[in-house]
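A.B. asks: Below, each chain spelled out in residue letters.
Number of protein chains: 2
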Amino acid sequence: MENIGYYNGVFAPVEELMIPACDRGVYFGDGVYEALRVERHRFFALEEHLSRFRASLAFLRIPFEMTDEALVAILQETVDRVESESQQIYFQVTRGSAMRTHAFPEGAQPNLLIFTRGVPLADIVERRRLIVLPDTRWGHCNIKSINLIPSVLAAQAAKERGCTEAVFHRDGVVTECSSSNLLMLKDGVLRTAPTDERILPGVTRGHFLMLARELGVPVDETAFTLEEAYDADELMVTSTSLHGLPVCELEGKPVCGRDEPLLRKLQKAYREYFYGSI
Amino acid sequence: MENIGYYNGVFAPVEELMIPACDRGVYFGDGVYEALRVERHRFFALEEHLSRFRASLAFLRIPFEMTDEALVAILQETVDRVESESQQIYFQVTRGSAMRTHAFPEGAQPNLLIFTRGVPLADIVERRRLIVLPDTRWGHCNIKSINLIPSVLAAQAAKERGCTEAVFHRDGVVTECSSSNLLMLKDGVLRTAPTDERILPGVTRGHFLMLARELGVPVDETAFTLEEAYDADELMVTSTSLHGLPVCELEGKPVCGRDEPLLRKLQKAYREYFYGSI
Chain A
15 MENIGYYNGV FAPVEELMIP ACDRGVYFGD GVYEALRVER HRFFALEEHL
65 SRFRASLAFL RIPFEMTDEA LVAILQETVD RVESESQQIY FQVTRGSAMR
115 THAFPEGAQP NLLIFTRGVP LADIVERRRL IVLPDTRWGH CNIKSINLIP
165 SVLAAQAAKE RGCTEAVFHR DGVVTECSSS NLLMLKDGVL RTAPTDERIL
215 PGVTRGHFLM LARELGVPVD ETAFTLEEAY DADELMVTST SLHGLPVCEL
265 EGKPVCGRDE PLLRKLQKAY REYFYGSI
Chain B
15 MENIGYYNGV FAPVEELMIP ACDRGVYFGD GVYEALRVER HRFFALEEHL
65 SRFRASLAFL RIPFEMTDEA LVAILQETVD RVESESQQIY FQVTRGSAMR
115 THAFPEGAQP NLLIFTRGVP LADIVERRRL IVLPDTRWGH CNIKSINLIP
165 SVLAAQAAKE RGCTEAVFHR DGVVTECSSS NLLMLKDGVL RTAPTDERIL
215 PGVTRGHFLM LARELGVPVD ETAFTLEEAY DADELMVTST SLHGLPVCEL
265 EGKPVCGRDE PLLRKLQKAY REYFYGSI
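These protein sequence lines are chains A and B, in that order. Quick note: the first sequence uses our numbering, first residue 15, plus one each step. Quick note: the second sequence uses our numbering, first residue 15, plus one each step.
None of these hints come from the bench; they were simulated from the model. Ideal Cβ placement from N, Cα and C applies to all residues, glycine included. Warning: the hint list may mix true and false statements.
[Claimed, not checked] Partial selection, computed: residues in chain A whose CB lies under 8 Å from chain B:
1) Pro34
2) Tyr41
3) Phe42
4) Leu74
5) Ala122
6) Arg151
7) His154
8) Cys155
9) Asn156
10) Ile163
11) Pro164
12) Ala169
13) Gln170
14) Lys173
15) Ser193
16) Glu241
[Unchecked claim] Which bits of chain B does chain A cover? Going by a derived footprint, with three or more residues having C-beta under 8 Å, they are:
17) 41-53
18) 126-140
19) 151-157
With the rest of the complex left out, here is chain A:
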């Protein structure tokens, strides 16, 4: 199979998989998700994703009682049905299925939906262009919820301008990108916004910081401004599939390219860590 979907015990190709219209994900976006890289049918950073997933569930107060062991067995069965050696698996849990009423439905059971398909890792050599947009998202961006309209609109705006990602800012202070984190190199220091309610605590972001420390590169977790971003030595976009994309342009202005050796050193360290851990 090229892709496979799963919903509450049923497997089917993603395009054919059906779910109840009264799943609360459908009309409230009342659920949370995770996305993992799968190389040679093995999961990368599984524990970290599961830990964040449980935190997201707790915030939404979704009583998903399946153990990690049982969940991982289903995830494994799902990826094993797809041939690709390089997949991205997505899974979400919603509060359950019920007639539409805002308050939690009594006795509803959470629904588990999974998609997986072959998705290559993004090239990390070529420099990318980014746009800048105001961050108008809610106050809990640390929660990986499926309420994603702002990210959808930002990703589309970037695409229409031939760019890879949109950098969000609140009053001139950079938070993150539409579905990735933004890291900056300046004077040999790796800097990125702290993990508060304004950004998702990206797993890849965390690994880059860990590896920088191991390499003796100073790390600074304080937010930077747009002005500082334009003046960065390098900017790097990180997510599960974006392993430190380098940048050449921000909102149409040439930026970065001033510390390529450190940029490439960190990328290399990350790829070694990635392939060494799966």
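Chain A is already provided as a structure; the job is to place chain B on it using the hints.
C.D. replies: Relative to chain A, chain B alone:
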């Protein structure tokens, strides 16, 4: 039938209606909705709901090409399949069905989902209790999107405390409730937050303001603080099904009850307008 659902041409009881898992509503909440009252199988304030619906679609840039006439014909067919003389119909349009990628899918067709069922109008005599919560929603609350986690959590918090609704505030300034607007009477003036990006421009809210003006009651569309709410002569909760619910308690403190004549006069005017318009 007690209820009916509709999805892209197929009718089924809501509990049995199935939709594709790859509908972008399911994993991005990438859609908008409306909810209307239906009395004796006729729609109340249809034009106003359709107008707001088109504005929400435009904000999300969803190219829903069905004419109002064709949409209304489907809505009518849906409500006609349910016996109840007093229904609430819900409809949503999502961007389409596709593999999960944030940017808009090429060539996808929007999906139309409808639910209707008998829902009685809420009693407007009994006074209700409200809780107060910080408003952590996104920056476009004027858009009726299906990204509704904050409203879900707030409605549940209210329910658990035996209350009807949660009043949202931003830095002490009242915006609206989790799925309704909040109006205040003070010294004979009807006051409520202006229709900017912080609140939904409620259809019922608009009618209350219109009727107040017709009755010679001064109207003030400037936001009020929580402090002012505690000191209100009356508070009224309005939505499609909540026709000016009176209030007796805010966050555990007794409030209101100081201008019952004007409260009841406005409620009565609204109900007459409602039944006279359908």
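A.B. asks: Against each hint, give a clear statement of whether it holds in the structure.
C.D. replies: Evaluation of the provided hints:
Of the supplied interface hints, the one on Pro34(A) holds, with its beta-carbon coming within about 6 Å of a beta-carbon of chain B, less than 8 Å. Interface hint at Tyr41(A): satisfied, since its Cβ lies 6 Å from the closest Cβ of chain B, which is below the 8 Å cut-off. At its closest, the beta carbon of Phe42(A) sits 4 Å from a beta carbon of chain B; the interface hint therefore holds under the 8 Å criterion. Look at Leu74(A): its Cβ gets to within about 7 Å of chain B, closer than 8 Å, so that hint holds up.
The restraint placing Ala122(A) at the interface with chain B is violated, with a minimum CB-CB distance near 12 Å, outside the 8 Å limit. A cut of 8 Å between beta carbons decides the hint on Arg151(A): the least distance to chain B is about 5 Å, and the hint holds. Taking 8 Å as the C-beta contact cut-off toward chain B, the hint placing His154(A) at the interface holds, the least distance being around 6 Å. The criterion of a C-beta within 8 Å of any C-beta in chain B is not met by Cys155(A), whose closest approach is roughly 10 Å, and the hint is violated.
Nearest Cβ of chain B to the Cβ of Asn156(A): about 12 Å, over the 8 Å cut. The hint is violated. Of the supplied interface hints, the one on Ile163(A) holds, with its beta-carbon coming within about 5 Å of a beta-carbon of chain B, less than 8 Å. This hint holds: Pro164(A) has a C-beta 6 Å from the nearest C-beta of chain B, less than the 8 Å allowed. With 8 Å as the threshold, the beta carbon of Ala169(A) comes within range of chain B, its nearest partner Cβ sitting at about 4 Å, so the hint holds.
Given the 8 Å rule on beta carbons, the hint for Gln170(A) holds: about 5 Å separates it from the nearest Cβ of chain B. Residue-level restraint check for Lys173(A) holds (minimum Cβ-Cβ distance to chain B is 4 Å; threshold 8 Å). The criterion of a C-beta within 8 Å of any C-beta in chain B is met by Ser193(A), whose closest approach is roughly 6 Å, and the hint holds. For Glu241(A), the interface hint is violated, the least distance from its beta-carbon to any beta-carbon of chain B being 22 Å, above 8 Å.
Here the segment 41-53 of chain B counts 5 residues with a CB under 8 Å from a CB of chain A, which clears the bar of 3, and the coverage holds. As drawn, the segment 126-140 of chain B meets chain A at 3 residues by the rule of a beta-carbon pair under 8 Å; at three or more, the given contact holds. Only when three residues or more bring their CB closer than 8 Å to a CB of chain A does the claim for the segment 151-157 of chain B stand; here the count is 4, and the claim holds.
Against the hints set out earlier in the document, violations occur for numbers 5, 8, 9, 16.
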